[in-house]
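Colleague: Dock chain B against the given chain A, drawing on the hints supplied.
Protein chains: 2
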Amino acid sequence: MDVLSNHPIWSQSAARVLARCDQLAKCSESPANLTRTFLSPAMAQANEMVANWMSEATMTPRVDELGNLIGHYGAREKSPTAPKLLFGSHLDTVPNAGKYDGMLGVLLAIEVVSLLQGQHLPFAVEVIGFSEEEGVRYKTPYLGSRAIAGTFDSYLLGLLDSNGISMSQALHQFGLPPEAWQNARYDSAGIIGYLEAHIEQGPLLEALDAPLGIVTDIVGQSRLQLRFMGQSGHAGTLPMQWRRDALVATSEWILAVESFGNVTDGLMATVGTINVGPNTSNVVPGETICSLDVRHANDAVRETAVDGLLAMASRIAAQRGIGFEVLARSNQNAVPMDSRLRSLLQRACDKTGVHAPEMVSGAGHDAAVMATLCPCAMLFLRTPGGASHCPEEAVLVDDVALALEAMHSFLLSIARETGEHFESPTL
Amino acid sequence: MDVLSNHPIWSQSAARVLARCDQLAKCSESPANLTRTFLSPAMAQANEMVANWMSEATMTPRVDELGNLIGHYGAREKSPTAPKLLFGSHLDTVPNAGKYDGMLGVLLAIEVVSLLQGQHLPFAVEVIGFSEEEGVRYKTPYLGSRAIAGTFDSYLLGLLDSNGISMSQALHQFGLPPEAWQNARYDSAGIIGYLEAHIEQGPLLEALDAPLGIVTDIVGQSRLQLRFMGQSGHAGTLPMQWRRDALVATSEWILAVESFGNVTDGLMATVGTINVGPNTSNVVPGETICSLDVRHANDAVRETAVDGLLAMASRIAAQRGIGFEVLARSNQNAVPMDSRLRSLLQRACDKTGVHAPEMVSGAGHDAAVMATLCPCAMLFLRTPGGASHCPEEAVLVDDVALALEAMHSFLLSIARETGEHFESPTL
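Chains as they are written, first to last, in the working numbering: chain A, 21 to 447; chain B, 21 to 447.
One chain only, chain A, in its complex shape:
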């Protein structure tokens, strides 16, 4: 396949993918920015637009019971039991989003299928545009992939959005039968695997001067809510030495969290929120409630870190004579990517002539859910400036071209494992 490297076909395809990202970004709930949440009219519009592109790529599009858009490209031998290779990512966005997070992976996959130029493989290829990954509308992420992977639960249908509309009602209004949600589930038998391409959403690839990266693990995550309980008092009459200032205690702990994160390889530890009571300039703060977000690819490292950070909080609070408690705590384990698919992807990247470093994903992705169904791999594209979840989100056309080349090569390498030989795209 080396003959294809640097061939104009990849850059032409990349330009088409990016033009489609621009067009898709017009499907929005807001005229001012890109916001597209689960089961919104903008989602219906986006599904229709992407379904047309799937059809152009000679795929058969359908919308499943949870609103996932699925393009089917049949196996050479028409059989309902033909194995399937899945590609995809999500079509929903955060509020005021960029044009690439999620969507780019779907449009790349469609382009890769179109580059088969009608040649069929010993397995079917499906491109999935997941209906919901960000969790904006129901404050619960991965609804689309959970339905397909079989980890959706019926209680989710009862969740209410901020307008009091249940998910069940919303599905119905979207034209989908809520009672049929279980039909969205895939049978793992015969699924070869799932590949998701996604922007990195971080600065590592840019710093390494690498256009592409290969995900080894999607990090595990602990999220906690903590309360420090001191004693409020008059800022003018309560002497410094007698204070039990919850904000000062929290500040001491925030610095400890940073130091701990700095010395623990691969750990991300973030205090992202703090709310002070009473939050009045002339009152010594009596209480704070703050968040802690801890991530690591190794669950044991993460759990040890959380225990250590809580012990620090407890010690700091005790030294200052104030109370401390954990209000809420949730844990999500790390998800390793499949080693066989990873090495196929590594070889596919090598063929493009660039080194794709291995890296962990600090953000969650549909691939973490799909890994409960089938072997998964993820390809990251460099994010200029590290910006994501904002209109400044960007990708480089050359990186998109390389990603297409690698994904195409990955697809053919799986076909080749079956003993087949396939033509390159017509040049």
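Some hints could be false.
Computed footprint of chain A on chain B; a stretch qualifies when at least three of its residues, placed anywhere within it, have a C-beta under 8 angstroms from a C-beta of chain A [as the list claims (entries may be wrong)]: (1) 234-244; (2) 278-289; (3) 302-308; (4) 403-410.
Hints were generated in silico from the structure; no laboratory data involved.
For glycine and all other residues, C-beta sits at the position ideal for the given N, C-alpha and C.
Modeller: Then chain B, alone, in the frame of chain A:
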């Protein structure tokens, strides 16, 4: 006067004052708690109640152009130019207030006048219940005392409350002529001085086991609003070492503020508010806005402290590669109490047989405004538990009795300076 010490008359009077505090606390805008703001119906009710008590004490009550309630007890020789001695404090409250802050000083003064039992002095005595000290309704404190002291300004009449009602409209609705505000002003000629009794609102007297304290200075105060400007980022994808976390920087500075306050005698330095942007658990904080409140009896010490704390903030921000700016800054100089009145008050306290330690007031009071008009002194009463501006606010009946005895003695000592001799209350 020593014969009076420990005499039941003081404790009977103290009980009456406390019973009136209870009764006055029923004039509230809220049935659930005590809240009485400037020009509210509750204020009209309170003025009427207190005016009746003034009348019982043979004073002539009136409400001035800014709603201050003033009880006049004439000089022995009826003359419009007779000198005047002023007592008082404020009748408004913070929301969800205690029963003593402000009100106690007014009711103590009325009781002291009633203990004269109709004897008149070579000077008039006036008890002022200031209409507004807390600054709740128009976010500007001391409106009543500013009108009397002559530091009110006409632009204040245009301020709007949270319902969009201007102070001018509110005065009019209260039955007062807004255009006549300048008539509230007192001429400093012939005013002997002003004495304000107030709860300490802090823990010092309790710690010293002292029922009464004498204020040497009302501290100066600097209030600032600061912004730290870092860079927000994804909590899972932005490595610790590359972060420009505004909250971590602010935390480092908050600890520096505490340390600086701890080592600087008499300094109070408080960060009471912090607001984080975007304040989302999985986003590295990009920006914080926080307050700084610095107080000291010595203006030079305070100003040097503020400069030092800002330099620290600037250094910490620079080391972390983040921006820092001061958004707002206001200064109020310290106000010393009058040395002659202070020593008369000290002697009056001595006569009660308890030592009244000298102390600075970390909170502002009407006396700080009245000091621009005439010599001022302040008597503090112990605050059990140090609680103030809350329903837990308390005073001890024995402390109230001692305060009455000291105030009565103070009043007579001023009369005695004119060569007069006055009878003790009839026992």
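Colleague: Each hint needs a verdict: does it hold in this structure or not?
Modeller: Against the structure, the hints:
Only residues whose beta carbon comes within less than 8 angstroms of a beta carbon in chain A count, and the stretch 234-244 of chain B has 3; three or more means the coverage holds. Coverage of the stretch 278-289 of chain B by chain A holds. Counting CB-CB distances below 8 angstroms, 6 residues qualify, and the rule asks for three or more. For the stretch 302-308 of chain B, the assignment as covered by chain A holds, since 4 residues bring a beta-carbon within under 8 angstroms of that chain's beta-carbons and 3 suffice. Coverage of a stretch by a chain is defined here by at least three residues with a beta carbon nearer than 8 angstroms to that chain's beta carbons; for the stretch 403-410 of chain B and chain A the count is 3, and the condition holds.
Violated hints for the displayed structure: none, as all numbered hints are satisfied.
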